[in-house]
Structure formats: structure tokens, C-alpha cells
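Quick mapping for you: the protein sequence lines, in order, are chains A and B.
Note that my numbering gives residue 9 to position 28 of the first sequence, counting from 1, and the numbers run on in steps of one.
In my numbering, each residue carries its 1-based index in the second sequence increased by 74.
Honestly, I wouldn't trust all of these hints.
To be verified - Subject to a maximum C-alpha distance of 30 Å in a straight line, what follows is the list of computed DSS-like cross-link-like pairs (lysine-lysine): (1) B:Lys77 <-> A:Lys44; (2) A:Lys19 <-> A:Lys256; (3) A:Lys44 <-> A:Lys256; (4) A:Lys44 <-> A:Lys128; (5) B:Lys77 <-> A:Lys15; (6) A:Lys44 <-> A:Lys263; (7) A:Lys19 <-> B:Lys77; (8) A:Lys256 <-> A:Lys176; (9) A:Lys19 <-> A:Lys263.
What the hints assert, rightly or not - Away from chain B, derived, C-beta distances all over 10 Å, residues of chain A: (10) Asp0; (11) Lys19; (12) Val39; (13) Phe69; (14) Thr112; (15) Gly183; (16) Gly208; (17) Arg232; (18) Ala233; (19) Tyr248; (20) Ala267; (21) Ala316.
For the record, the hints were derived by calculation from the structure and aren't laboratory data.
We put the CB at the ideal spot given by N, CA and C, even for glycine.
Read off the chains here:
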Amino acid sequence: MPFAAVRAVEYHLPAGVVDNDALARAFPDWPAEKVAAKTGIARRHIAAPGECASDLAVAAARKLFAAGACRPDEVDFLLLCTQSPDHFLPTTACLLQDRLGLPTRAGALDYNLGCSGFVYGLALAKGLVETGQAANVLLLTAETYSKYLAPNDRGTRTLFGDAAAATLVQAGPVPPAGELPWIGPFVFGTDGRGKENLIVPGGGLRRPSGQGHGSAGASPDHLYMNGPEIFSFTLRAVPEVVAALLARAGRALDEIDLFVFHQANRYLLEHLRDKLGIPREKFVLALSECGNTVSSTIPIALKEAAGRGLLPPGRLVMLVGFGVGYSWAATLIRAPA
Amino acid sequence: MTKHDALRLLEEMLEVGPDTLTPERRLWDLAGWDSLATMTFIALVDRELRLPLPGNRVADCETVGELLSLLEPAFARRAA
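Here chain A stands alone, though its shape is the one from the complex:
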């Protein structure tokens, strides 16, 4: 049986940038500097009009190919995690197969998740590789939440940035006996009672565009986020999923070398780090230059951590994604030597 491993990660940010000065000019009554200091975000990259999540995904994938991770014709399965598809149909991953020059014998599909999406993607990719269904899985996460934000919603405009990431999952060597696999185990979680707290109510089929009112007087076609509710959800869910994952893996917290959580905002992350008793040097923060990029925050943070020399082979890394849905998932990964 093959043992799936994360082999390479690259990411792409669109060229447009909104920094804190721009926010302060747009919202003079909003203490943009204070909010930015609390959220830990200095810059967000924003897709241009007509620049879609799929365009960002193409750029990220091409970076992966250019880095020598694999050739396009070697990819036999494409997974695209997005909540900003080009169309309702056809599947955006099918369009990417064509644009990236992947073979027509490759499988391709979209899946719709946000902040938990990368971890779920690793679970799917591991399943495909370890059952022999695919050898080289290209896992793409791509999002343009900026296009869902109301122009005057200073809260969300401070937090969210657009980005895409490309990750190659393929078989690695057989791990030494008694050791954990290169990816896994996993713990998942879902609670649809959180539906109303992070939602774009309109534009789908439940409520077509332009009809009725959204929550709190907002337009139903814009993103609505209930910060305090999501905050308290996170404080409940994340410690539980961390404990569950450690139990499933038979590991103690101090055996984990690095923690890469979904980069929602620095204030929340610092509180979680402190609450869980994780030392600062083991906890990755990588959101100051790109903000909350939804399903790309974890791969971006992994890439940044690697660049900082924090990921030599064999380091045991915990990934925890949590957010919209509510949906959450956690896993352990390590790089084969």
C-alpha cells in the first residue's frame, strides 16, 4: 500500500494590495490601525475585476510545476477547493484541467469548503493515493472572498484576502514501523447550526440574487459574518479537536514540533495558543502580508514555515482548519527525509 505524503507546496497572491493606510482612508471612523494591530494583518491581496479564483489557482499550479514538483502530464487527479467557482456548472476543476494541460485521463472535481478545506483536501488526496486510485494528486485551494464583501463592511474588508495554493500529494517511502504515516490521522467536525454566522445568503438556488434582506440589514448577496459567535465557536471547537487528534494519534502535545492553524486573525490565534499551552516558537503566524485567505491559509503558512527553516524532514506538524459551515478538521503531517 502506498503511503501518501505532502511533497510540495506553492502559492500565488493577486497583484492588487489593500494596506492599512488604504483602509484608514476608506473608513475614517474605524480605528483601522487598532484593528490591524489586533488582527495582525498589514496587507491583503485582492483579485482584480474579472480575475477569478481559478486564475489564481492556475498561477499557483504553474509555480508548483516550475519548481519541479511534477509535470502537468503526471497529474492524474485534480482537487479544487473553492467557494468562488467560475460558474455553477461546469465544474471549475474541469476548466483547470484544460488550462493547465493535464491529461484527459485525469480525474477532476471541485469541493466546496472554506477555512477547513485544505485539511479535508489532504484527507481526500490521501484516500485517492493510498487506495491506488491516483498517483499524483494536485490539491488546489483558491478563493476570492473579496468579491462577496460589501464595500462598506469594514470588519470583513480588514480580514479577508484573496489567494490560491497548490499542493502535490503523492506516495512517499514506507514509514518506519510503529511510526505515524506521512499524513494522518484525521479528526473531522461539522455543525450546521453555525450556518447563519458566516454566510453569503443570496445568489444560490435557495435564494436567487437580489431577493429580500440579509442578516442585520446587509444585502443578502454579500458576505455576512458574526464575529463574536464565530469567536466563541472556535474557542469551544479547537481545543476539543486538538485533544481528539492527539488521542487518536497516541501523542502528547509536547511531541508536536509545529502547529499550523487556519490563520483567521492574530488575536484569536494568540488566545488559542495560550489556552492550549503551545510555546510561541512552535506556533506559526503567517497572515500579516495576505490576511485571511480562507482555505489557502494553511498551505501558505506551511510554505512560509518552510522558508523560515521550521520544516526539516521528520518534523511532526499539526494542521487545524476551522470556520465556515461550521466545518473543522485536524491532522498531522511530516515530510519524509
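Please arrange chain B on chain A, whose structure you already have, making use of the hints.
Relative to the frame of chain A, chain B by itself:
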């Protein structure tokens, strides 16, 4: 922690002087009370009292008194 301590912490959080907040004071009239402040308060209570407060219940509080009454279970626990 007592109710008095909690009031002090709230005053510190909102950057107002000690003994300036009364139970009748309306939260949303205070310069420092916004959605970011509600999250700071939730975090503070989680850390100091290990009491998880649901976001909506905090955001729905109109006065300082209502906010502090959410902490009653933690004060009762301490007294027991």
C-alpha cells in the same frame, strides 16, 4: 475573581478610569465597545474564569450590569 475584579478588568479593557462604569451604563454608547471588544471580552472571560460565553449573548447585552450577570455561573462556582 469577584464581580468587582471583573468590573475592573472591563474598565481596563475599555480604557476608562477605575470606578467609572456603573451597572446601568449602556455598553454600545461607550467608545471602546464594538464587535472587536465583544471578542476581547469573551477571550478575557475564557482565560480568567474558564467560562465560555456565547458570542450572541455578549453582543446582545445592553448594559454593563447585563454583561456582568453573564459571569454569575463562574462567581457561583467560586463561592461553592
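Among the hints numbered above, which are violated by the structure, and what are their numbers in rising order? Violated: hints 1, 3, 11, 16 and 19.
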